[in-house]
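2 protein chains.
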Amino acid sequence: MPFNQKNDIFNRSIWDDDIDPKKFYKSYDIANYAPKKSKGFDHWDYAYRNASWHLTDAVGERSMSEDGKSEGFTHFYSLNSPGPPQQLSITDSAQATKRVKKASLSFGAGAVGICQVDRRWIYTHNYNRKDNAEQKLDLPKSLTHAIVLIIPMDHHLSKTFPSALGGAATGIGYGIGLNAAVTLAQFITNLGYEAIASLNDTALSIPMAIAAGLGEYGRHGLLITPKFGPNVRIAKVFTDMPLNVDHPVEFGVKEFCNICRKCADSCPVKAITQGEPQDEPPNISSLKGIKKWTINAEKCFKFWVGMNTDCAICIRVCPYNKDYSKWWNRMGIRIAGSPLRRFMLWLDGFLKFSERIKADHWWK
Amino acid sequence: MPFNQKNDIFNRSIWDDDIDPKKFYKSYDIANYAPKKSKGFDHWDYAYRNASWHLTDAVGERSMSEDGKSEGFTHFYSLNSPGPPQQLSITDSAQATKRVKKASLSFGAGAVGICQVDRRWIYTHNYNRKDNAEQKLDLPKSLTHAIVLIIPMDHHLSKTFPSALGGAATGIGYGIGLNAAVTLAQFITNLGYEAIASLNDTALSIPMAIAAGLGEYGRHGLLITPKFGPNVRIAKVFTDMPLNVDHPVEFGVKEFCNICRKCADSCPVKAITQGEPQDEPPNISSLKGIKKWTINAEKCFKFWVGMNTDCAICIRVCPYNKDYSKWWNRMGIRIAGSPLRRFMLWLDGFLKFSERIKADHWWK
Chain A
1107 MPFNQKNDIF
1117 NRSIWDDDID
1127 PKKFYKSYDI
1137 ANYAPKKSKG
1147 FDHWDYAYRN
1157 ASWHLTDAVG
1167 ERSMSEDGKS
1177 EGFTHFYSLN
1187 SPGPPQQLSI
1197 TDSAQATKRV
1207 KKASLSFGAG
1217 AVGICQVDRR
1227 WIYTHNYNRK
1237 DNAEQKLDLP
1247 KSLTHAIVLI
1257 IPMDHHLSKT
1267 FPSALGGAAT
1277 GIGYGIGLNA
1287 AVTLAQFITN
1297 LGYEAIASLN
1307 DTALSIPMAI
1317 AAGLGEYGRH
1327 GLLITPKFGP
1337 NVRIAKVFTD
1347 MPLNVDHPVE
1357 FGVKEFCNIC
1367 RKCADSCPVK
1377 AITQGEPQDE
1387 PPNISSLKGI
1397 KKWTINAEKC
1407 FKFWVGMNTD
1417 CAICIRVCPY
1427 NKDYSKWWNR
1437 MGIRIAGSPL
1447 RRFMLWLDGF
1457 LKFSERIKAD
1467 HWWK
Chain B
1107 MPFNQKNDIF
1117 NRSIWDDDID
1127 PKKFYKSYDI
1137 ANYAPKKSKG
1147 FDHWDYAYRN
1157 ASWHLTDAVG
1167 ERSMSEDGKS
1177 EGFTHFYSLN
1187 SPGPPQQLSI
1197 TDSAQATKRV
1207 KKASLSFGAG
1217 AVGICQVDRR
1227 WIYTHNYNRK
1237 DNAEQKLDLP
1247 KSLTHAIVLI
1257 IPMDHHLSKT
1267 FPSALGGAAT
1277 GIGYGIGLNA
1287 AVTLAQFITN
1297 LGYEAIASLN
1307 DTALSIPMAI
1317 AAGLGEYGRH
1327 GLLITPKFGP
1337 NVRIAKVFTD
1347 MPLNVDHPVE
1357 FGVKEFCNIC
1367 RKCADSCPVK
1377 AITQGEPQDE
1387 PPNISSLKGI
1397 KKWTINAEKC
1407 FKFWVGMNTD
1417 CAICIRVCPY
1427 NKDYSKWWNR
1437 MGIRIAGSPL
1447 RRFMLWLDGF
1457 LKFSERIKAD
1467 HWWK
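Residue numbers (my numbering), protein chains in the order written: chain A, 1107 to 1470; chain B, 1107 to 1470.
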């Protein structure tokens, strides 16, 4: 069942002629890409989106480094500085857990949880984008725990999805996630423990976030968190530090997604299922053998690369995608998890929460 | 009058035997430093503080790179990717200014302002830490504007100053500032304009922040901002983009500092003046010819390196150092700027706002 990262849709776009990213990747290089005139896809928007990725690109060489690695995407970060000769002795794991969590939040995470490393979610292989080779991934068995970080994305930007402008929410999220993950990994290293900082590389982040009590799984195949809805990125740090684990939470997402089809209805290419959870994925780019709603990654990716930016309509229209800095939305998410969920679903439509905001409205 | 960065107290600690940083710099390398047992200076605290600097160290090689440069400290960042062949034409500079400011805030700044580049604040020379050489700094004349970014630091951590723990407020602030500045510079580059990202290098940040309307100058020689008090870092981006400038603001700081001596009274080595503004600095590490309160950088630095972490007691005790997410503190700063300032000063003492929080209290 574990997943080979070579089959990840992004990596397939390198080796599989059937997945053609056309001008998509090129659009991230402003020196060789001419933006359109249309709002949300113009020079301002692409300049902004591409800049938002700048630090992540510079540190991890997102597309491809000399040696074919893309840290944070195909391989974990190798940025650690050496730790001390003496390991800090931890007698009180509850205190240590609290401190690690406090540090995580101060490094930029919006929420943090801890789980044991479940080998089912670790990729069987890394993929090297240069020599097109897969390499067996042997995450050291000593790394028994993972600290999972939730990075909230800009809510207002998410309301412009799909747009090049909105793609900046993603880029900014990765920049914060990169900083939080490598800093946290260094903190743990400095305490004398092993630590590996990871974004999309090395393991499936969503099941790990669920195990760490950070959210539930949604119909759109995304994590839905109680604090920020689905509008988040996930980072993680693997470690051998003795920490106390969290446990999965339920706040009514499954029941809500059972009656809600907003994401499935709104997906222009019907990549999101209207049906029941299945354990057989539509193609090789999804995990096999876990009964869940699974999107069709081929349909999804082909559509979004056609726009030369990420799509994420499913995030925009999700009734859980709200500005939770407002108390009424924090109240709403509780009601959505109660038997009043049908009313909340109706209200979401009535108040037109899922509507797209125009790019110039955001810029103002 | 312009300042030669070679005389900056940090650079003097490289070439001037009279400024001996002892174990201070070593304490940033956990592999070769044994923390103490005392609270605020123990293994947890140094592990945390040092980690907070990790990304800044990795990207800019804070202490010294192969070629002696330390980007963000002695030299500006060289991280820019190429811009487009076609420059975006800007017909509405007010709109462009608004957009650049909106982007700045989304990249991590807490406040942003724009000023014209005043050559008085540009360093005459860069300092190379390896070959101990100063190099004439010729910031291109085409870079007429600077976008100044205010990065708020963690308020709660600032209440633990001086401590290794509290040093993390600084490190985290630099990490956010680095990300914001290089991302903003790339955004402007992507629009087809020149942009240079800078932290402490290249120019004096405080007078630029004042010119950009971001705050007033305090007795402790620090910028005092209306939104975050003195507990901030400053970053800046030099550009040739045609932007509208801001103007200096006054909200009563000068009058308040005239009657307040908290920082001067609290400084263990009396590095802060009790007296009137002067235009003759106490030594070569401060700017000459501008009438202002000037700290004695030698006394200040010698004391702080003795603790193997930054001091910043002056920030902790400053009555402007408050948690401005609370409405009563936002109200308080207005009253401090009114004829009721003596009452506010009394109240600050009465409520013991300047007291130090214990490190374990913070960790809890």
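Any given hint could turn out to be false.
Below, a list of computed lysine-lysine pairs in the DSSO-like style, where the Cα atoms sit at most 30 Å apart [claimed, not checked]:
1) LYS1470/A to LYS1204/B
2) LYS1333/B to LYS1470/A
3) LYS1428/A to LYS1207/B
4) LYS1208/B to LYS1432/A
5) LYS1207/A to LYS1204/B
Everything labelled a hint here was simulated from the structure, so no lab data went into it.
Please read these numbers as outputs of a predicted model, since none were measured by experiment.
Hint-by-hint comparison with the structure:
| no. | hint | in the structure |
| --- | --- | --- |
| 1 | LYS1470/A to LYS1204/B | holds (8 Å) |
| 2 | LYS1333/B to LYS1470/A | holds (22 Å) |
| 3 | LYS1428/A to LYS1207/B | holds (24 Å) |
| 4 | LYS1208/B to LYS1432/A | holds (21 Å) |
| 5 | LYS1207/A to LYS1204/B | violated (37 Å) |
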